[in-house]
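Colleague: Chains as they are written, first to last, in the working numbering: chain E, 85 to 267; chain Z, 1307 to 1512.
Keep in mind the hints are simulated off the structure, nothing from the lab. Treat the numbers as computed from the prediction; the structure is a model and nothing was measured. Each hint should be verified, as a subset may be incorrect.
[Stated by the list, open to error] 30 Å max Cα-Cα, derived DSBU-like pairs, lysine-lysine:
1) Z:Lys1425 with E:Lys98
2) Z:Lys1497 with E:Lys89
3) E:Lys216 with E:Lys264
4) E:Lys89 with Z:Lys1343
5) Z:Lys1425 with E:Lys152
6) Z:Lys1425 with Z:Lys1387
7) Z:Lys1387 with Z:Lys1369
8) Z:Lys1351 with Z:Lys1387
9) Z:Lys1314 with E:Lys159
10) Z:Lys1357 with E:Lys89
11) Z:Lys1398 with Z:Lys1387
12) E:Lys98 with Z:Lys1404
13) Z:Lys1314 with Z:Lys1357
14) E:Lys110 with E:Lys89
[Said to hold, decoys possible] Quick list of simulated restraints, FRET-style, between CB atoms:
15) E:Ala199 with Z:Asp1494: 51 to 59 Å
16) Z:Gly1422 with E:Ser121: 26 to 34 Å
17) E:Ala199 with Z:Gly1316: 39 to 47 Å
18) E:Glu197 with Z:Ser1477: 13 to 21 Å
19) Z:Pro1371 with E:Ile119: 33 to 41 Å
[Unchecked claim] Output of the computed footprint for chain Z on chain E, the stretches with three or more beta carbons under 8 Å from beta carbons of chain Z:
20) 140–146
21) 149–163
Just so it is clear, CB atoms sit at the ideal spot from N, CA and C, and this is done for glycine as well.
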Amino acid sequence: MSDSKLSKNLLRMKFMQRGLDAETRKQLEEDERRIISDEHWYLDLPELRARENLILEEQSLVSCEDLKYGRFSFKGFNPEVEKLMVTMNPKEEEEERQEEEVSRMQTDVTDEEMALRYESLVGSMRKKFTRKKNQASEEGDTERVSLKRDQASEEGDTERVSRKRDQASEEGDTKRVFLKPQD
Amino acid sequence: MFSGLREKVGQVLVPGDEFSLEVQETLSLTEPLKPEKVLLGPGLKRRGDRKLLVVKSGVLRHKQPHVFWVENHQRRYVPAKGETIIGIITVKSGDVFKLDFGGSEQASLSYLAFEGATKRNRPNVQVGDLVFAQFIVANQHMEPELVCVDSAGRANGLGVFGAGGLLFSVSLGLVRRLLRPRSDVLSDLQKLFPCELVVGMNGRLW
């Protein structure tokens, strides 16, 4: 069978196109697309652009005057409505700011408080790590501790962790202390 | 741009007054030219591209940044979308209630527009009940429609309220004065005695 006897639609079918080259296939596709796009209708008008309207109209007075919610309850006559009054009405800005400040002060800890707490914490933690025999000398010996601390600051951690007996002799010199963070 | 309007704030305007918003005569070179928007409340209508027409007689009011409206004395209510009103149920037919709110026609309220209402679980509403509802459709071409539920499906105080009590008809100006943010009338009422008050924008108080 020669090609001229086969119809166009038959030739466009998938099994007929498997033998074709890529180029001829592309050609066929383009022809089809051109036919389809030619059949589309277009309006022969210039490009119109809707202008942004500067004047807006509003029917309701509620947004103009910031009117409140329509249900009220006075002196606790209807508790549900009192709750609604709080939730539905837009809160004023000043009240909101005050509320925020109050809540912040109650929950956060001020810097001064933090410093005081930390100082007392250091003392109590130090006591925790001293042995009984050193407790008596511990209380009057804060200066010696601070001098030794510089020498033993690096060793202090490992000693505490390992707790070797042979270092018991060094206890008198380098006490296992709770070390303050060094700046 | 709307300096002509700004000058008249606080003055009495009559229907038929026109304002034209002109382009600025002097353009500043440093600032970019921004077209300023104007929001017109009730009483002012747009006519053409840059003209305003006053349609109600009253005092011109202004709110920052660019809201203008005319405040007038009126007793007849015209429905507007989003406003909450007090309505009286007149007809209960099938799936829909008809409410009288003092307008030119009755508004419809579907029985499904209540919190927790389904086809099986119908709301307990009788003819003659007072309903606090909100407009969702309110224009001159269509029948007004009300709902007793917000967009999330919660009642938020809408719906049937109160047995007993008294219903008054007042002017719309009094309603506005009651609902203002810092209202003197309301603060005086608060101190009197424990009571409950429902204010409808259609000029009805309960």
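Colleague: Now tell me, hint by hint, if it's right for this structure.
Modeller: Tested hints:
1. Z:Lys1425 with E:Lys98: 55 Å, violated
2. Z:Lys1497 with E:Lys89: Measuring from Cα to Cα gives roughly 101 Å; hence the hint is violated.
3. E:Lys216 with E:Lys264: Holds: Lys216 (chain E) and Lys264 (chain E) sit about 22 Å apart, inside 30 Å.
4. E:Lys89 with Z:Lys1343: 71 Å, violated
5. Z:Lys1425 with E:Lys152: Distance of about 33 Å is beyond 30 Å: violated.
6. Z:Lys1425 with Z:Lys1387: The hint holds at about 26 Å.
7. Z:Lys1387 with Z:Lys1369: 21 Å, holds
8. Z:Lys1351 with Z:Lys1387: This hinted pair holds, its Cα atoms lying about 17 Å apart.
9. Z:Lys1314 with E:Lys159: 42 Å, violated
10. Z:Lys1357 with E:Lys89: The given pair, whose Cα atoms are some 73 Å apart, is violated under the 30 Å limit.
11. Z:Lys1398 with Z:Lys1387: Holds. Lys1398 (chain Z) to Lys1387 (chain Z) sits at ~23 Å (cutoff 30 Å).
12. E:Lys98 with Z:Lys1404: The given pair, whose Cα atoms are some 64 Å apart, is violated under the 30 Å limit.
13. Z:Lys1314 with Z:Lys1357: This hinted pair holds, its Cα atoms lying about 15 Å apart.
14. E:Lys110 with E:Lys89: Given that 30 Å is the threshold and the Cα spacing comes to 22 Å, the pair holds.
15. E:Ala199 with Z:Asp1494: 51 to 59 Å: 52 Å, holds
16. Z:Gly1422 with E:Ser121: 26 to 34 Å: At roughly 55 Å between Cβ atoms, Ser121 (chain E) and Gly1422 (chain Z) fall outside 26 to 34 Å, so the hint is violated.
17. E:Ala199 with Z:Gly1316: 39 to 47 Å: 58 Å, violated
18. E:Glu197 with Z:Ser1477: 13 to 21 Å: Check failed, 59 Å falls outside 13 to 21 Å.
19. Z:Pro1371 with E:Ile119: 33 to 41 Å: 57 Å, violated
20. 140–146: holds (count 7)
21. 149–163: Coverage by chain Z holds for the stretch 149–163 of chain E (14 residues, Cβ < 8 Å).
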